[in-house]
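Undergrad: What follows is the residue order along each chain.
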Amino acid sequence: MGMNHTDDQVMLKDTVAPFLAENAPVKHLRSLRDANDQTGFARDLWKQFAEMGFTGILVPEAEGGLGLGHVEAGIVLEEIGRNLTPSPFLTTAVAAVEALKSAGAHLRGEWFPKILSGDAIIGIAVDEGAKHRPAATALVAERAGNGFKLSGKKQFVVHGHVADMLIVSARTAGAPGDEQGITLFAVPRDAAGVTTEADRLVDSQLAARVTLDGVEVTADAVIGDVDGGWASLTRLLDAGRIGAAAEMVGVGGGAMDMTFGYLKQRKQFGQLIGEFQALQHRAAHLYGEMEGARSIVLKAQHLLDDGDPRAELFVAAAKAKSGLACNLAVREGVQMHGGIGMTDEYDIGLYMKRDRALAEFFGDTNFHADRVARMNGY
Amino acid sequence: MTDLETFRKETRAWLEANCPAEMREPVKSEEDGCWGGRNWVFKSPAQKQWLEVMAAKGWTVPDWPKEYGGGGLTAEETKVLRTEMAKLGCRVPLQSFGIWMLGPALLKFGTEEQKKHYLPQIARGEIRWCQGYSEPGSGSDLVSLQTYGEDKGDHWVVNGQKIWTSYADKADWIFCLVRTNKEDKYRGISFLLFDMTSPGVTTKPIKLISGASPFCETFFDNVKVPKHQIVGELNRGWDVAKYLLGHEREMISGGGLGEGMASIGAAFKDMAEQEPVLRAQMALFDVETMVFRAHSERFMDEWKTGKAHPAYSNLMKYIGTELNKKRHELVMSAGGSDALEWESERGRKGARPRTWLRTKANSIEGGTSEVMLNVVAKRILEMPGA
Chain A
1 MGMNHTDDQV MLKDTVAPFL AENAPVKHLR SLRDANDQTG FARDLWKQFA EMGFTGILVP
61 EAEGGLGLGH VEAGIVLEEI GRNLTPSPFL TTAVAAVEAL KSAGAHLRGE WFPKILSGDA
121 IIGIAVDEGA KHRPAATALV AERAGNGFKL SGKKQFVVHG HVADMLIVSA RTAGAPGDEQ
181 GITLFAVPRD AAGVTTEADR LVDSQLAARV TLDGVEVTAD AVIGDVDGGW ASLTRLLDAG
241 RIGAAAEMVG VGGGAMDMTF GYLKQRKQFG QLIGEFQALQ HRAAHLYGEM EGARSIVLKA
301 QHLLDDGDPR AELFVAAAKA KSGLACNLAV REGVQMHGGI GMTDEYDIGL YMKRDRALAE
361 FFGDTNFHAD RVARMNGY
Chain B
1001 MTDLETFRKE TRAWLEANCP AEMREPVKSE EDGCWGGRNW VFKSPAQKQW LEVMAAKGWT
1061 VPDWPKEYGG GGLTAEETKV LRTEMAKLGC RVPLQSFGIW MLGPALLKFG TEEQKKHYLP
1121 QIARGEIRWC QGYSEPGSGS DLVSLQTYGE DKGDHWVVNG QKIWTSYADK ADWIFCLVRT
1181 NKEDKYRGIS FLLFDMTSPG VTTKPIKLIS GASPFCETFF DNVKVPKHQI VGELNRGWDV
1241 AKYLLGHERE MISGGGLGEG MASIGAAFKD MAEQEPVLRA QMALFDVETM VFRAHSERFM
1301 DEWKTGKAHP AYSNLMKYIG TELNKKRHEL VMSAGGSDAL EWESERGRKG ARPRTWLRTK
1361 ANSIEGGTSE VMLNVVAKRI LEMPGA
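Note that the protein sequences, when read in sequence, are chains A and B.
So the first sequence is numbered by our numbering: it starts at 1 and just counts up by one.
So the second sequence is numbered by our numbering: it starts at 1001 and just counts up by one.
No lab work stands behind these hints: they were computed from the structure.
Keep in mind that a hint or two might mislead.
Each computed DMTMM-like pair below joins lysine to aspartate or glutamate, with the alpha-carbon atoms no more than 20 Å apart [said to hold, decoys possible]:
no.: 1; chain 1: B; residue 1: K1079; chain 2: A; residue 2: D306
no.: 2; chain 1: A; residue 1: K264; chain 2: B; residue 2: E1382
no.: 3; chain 1: B; residue 1: K1087; chain 2: A; residue 2: D308
no.: 4; chain 1: B; residue 1: K1307; chain 2: A; residue 2: E110
no.: 5; chain 1: B; residue 1: K1079; chain 2: A; residue 2: D14
no.: 6; chain 1: B; residue 1: K1326; chain 2: A; residue 2: D370
no.: 7; chain 1: B; residue 1: K1269; chain 2: A; residue 2: D370
no.: 8; chain 1: A; residue 1: K13; chain 2: B; residue 2: E1302
no.: 9; chain 1: B; residue 1: K1378; chain 2: A; residue 2: D7
no.: 10; chain 1: B; residue 1: K1079; chain 2: B; residue 2: D1172
no.: 11; chain 1: B; residue 1: K1307; chain 2: A; residue 2: D14
no.: 12; chain 1: A; residue 1: K47; chain 2: A; residue 2: E110
no.: 13; chain 1: B; residue 1: K1307; chain 2: A; residue 2: E179
no.: 14; chain 1: A; residue 1: K153; chain 2: A; residue 2: E179
According to the in silico footprint, chain B covers these stretches of chain A (three or more CB under 8 Å from chain B) [unchecked claim]:
no.: 15; region: 258–270
no.: 16; region: 293–299
Just so you know, these numbers come straight off a predicted model, no measurement behind them.
For every residue, glycine included, the Cβ atom is placed at its ideal position computed from N, Cα and C.
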């Protein structure tokens, strides 16, 4: 099979694609936005996701899930991207589930069932500044009795204001910038001392700034090892990064298809604009970039699923490339649509906005290209 | 253990036992590899030995059928063999237009007699082939070619001129596009094979900007070609040519798959660390290198299972050649004034600048980048217009 999809994967795609196209196309995003929705996604749709088994894709079979991998999660995310569907899938069913796999039985037993049933939303609280720098974690967790007391601020916590639990990276030793000395915590959002402030972002989704002011948690709230949380955090982030990359393959692909469709129907100078070689070459180049992004994302998903030690390098390259390709797709999309591409009524602009947000999510192209260089020894 | 894992283990053991140490060093240039042919002088005993043991196993052409000198391996086994060779750094035992281009065309269009005659010679590296496609007036617009074969009953008499014939001066035989009907542009071309020592064939090397002369002008002056040396039907050579160009594009796009796939920043670590902007360019280039490798792997997997679009190799050719040119721009930047030296021993007689210049042909030969983009736009994206 190699990098071909298996029959089961093709079947999954054939289930997800029509489901989202019918139940959550771009106008679903518009309706939430125009109704000034304060949740950030549709809860009934999230319930349906759970009923169809999607939320359990990465949950181990022994714990009630489907026990599948990142290729399968990516199939769902690509369709989410293509339809610009607002969904907690990436944070809750992908990043949080991967993090919880390094948690103890207590946390797994509490959260996996709620994720499977669509009753839990989990926010990922890692970033503290405008750019993604996980090692710079400064939010402090001090030992207090049998547990810890957390204080500090987080931002860009997507759906954090309505989350049931936040996965928080905190510093238990060392200094900001050190990978060592970070610990991951599962913090209930309704714990005393947690406040959230939701902001609508450029792509209409809601993300929270979170303040933790002396929030007390027990030792059971620790995910992975105390001071050695970097491994669990990397697992969470790599799942989130490859997931975001897969979603960008969908966003870029959707923008590209819409644009190619436009080139085949818009007439100027008495001919279809898709007949102009200047546009044909740009279209073909864009197609090549998107195909490259699709390939490296798939490769990284396979390596992650195989537990291959090169996975981290390939995930970084995949997030970097999907950022470049998707960005080209939305820029060419707006430009080739001309004036109509600048209107709110037309969907291409929504793709551009979604690309912008996903680009920043879990590290942008510059951040990940730099990591590729470091992992390659320079 | 699955059969494939057993095959992997056995293959690895065989390669370790049979590939001479010298043949595990990367080739320094295109000419440094083994090209075979009647007049081939082996560069070392190791080169000869490596070709012979691989040819005996049929592994110069692992996926060709055994009866034609191949290894009879499945697509999966071939991939395993290539992966294991790459891991050990084993050189390709035989570089050959016969293997890359003519062979696949013969397998698809050749008669049983032609396959039995030509393919084993190709597999063993006994006959070196060159390709007669482009003409002075027919480059990107190849189908306008005018070299003419006049029907003389049991043979054709061929007159005309080809250009950019790779290694024509070193090749034993040529596969050549010849017009056999002047009335029909596309259905008036035949695909002929003939011996380069035939009376009336002359070649003249063309000196390139790199200083090397890998290409020739080739002249045909009343060259007799027997009728049984046609591949495919009369006047349907364009079908053969198109099929073969697909393979050529695959080859050129995959040209960087060997040494060209290593991290460029790691190769020029000091330079990268002293110049942040160069380092950034190299980091982004490393990303693109990994992307292309994954893309090629996915393309090959889809190609073998018939899922790839028939014109997809045009896209890979475009991406692969542009990437290779970019790589050598960065190599020249990292090399600074050292990389300008054209003749010194210190600079390996200008290997770097000569290679850099050579790569500029990547996006011209076998179809220019612009033609590739035309094909992708029209055939894959189905853009409107002629």
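Undergrad: Does each hint fit the structure? Answer for all of them.
TA: Going through the hints against the structure:
1. Pair hint K1079/B plus D306/A holds up; C-alpha atoms about 18 Å apart against a cutoff of 20 Å.
2. Only pairs whose Cα atoms come within 20 Å are accepted, and K264/A paired with E1382/B is accepted, the gap being roughly 9 Å.
3. For the hint pairing K1087/B with D308/A, the CA-to-CA distance comes to about 16 Å; that is within 20 Å, so the pair holds.
4. Taken as a hint, the K1307/B and E110/A pair is broken in the structure, with Cα atoms around 44 Å apart against an allowance of 20 Å.
5. With a CA separation close to 30 Å, the supplied pair K1079/B and D14/A exceeds the 20 Å bound.
6. For the hint pairing K1326/B with D370/A, the CA-to-CA distance comes to about 19 Å; that is within 20 Å, so the pair holds.
7. Of the pairs offered as hints, the one joining K1269/B and D370/A holds, with about 14 Å between alpha carbons and a cut-off of 20 Å not exceeded.
8. With a C-alpha separation of about 17 Å, the suggested pairing of K13/A with E1302/B holds against the 20 Å cut-off.
9. Pair hint K1378/B plus D7/A does not hold up; C-alpha atoms about 30 Å apart against a cutoff of 20 Å.
10. Between K1079/B and D1172/B the alpha-carbon distance is near 30 Å, which puts this suggested pair outside the 20 Å criterion.
11. Proximity of K1307/B to D14/A is assessed by CA-CA distance (about 17 Å); at most 20 Å being required, the pair is judged to hold.
12. About 18 Å separates the Cα atoms of K47/A and E110/A, which keeps this hinted pair within 20 Å; it holds.
13. Proposed proximity of K1307/B and E179/A is contradicted: the alpha carbons are some 44 Å apart, above 20 Å.
14. Only pairs whose Cα atoms come within 20 Å are accepted, and K153/A paired with E179/A is accepted, the gap being roughly 19 Å.
15. As drawn, the region 258–270 of chain A meets chain B at 3 residues by the rule of a beta-carbon pair under 8 Å; at three or more, the given contact holds.
16. A stretch counts as covered by a chain when three or more of its residues have a beta carbon under 8 Å from one of that chain; for the region 293–299 of chain A and chain B the count is 6, and the coverage holds.
Hints 4, 5, 9, 10 and 13 from the earlier list are contradicted by this structure; the remaining hints agree with it.
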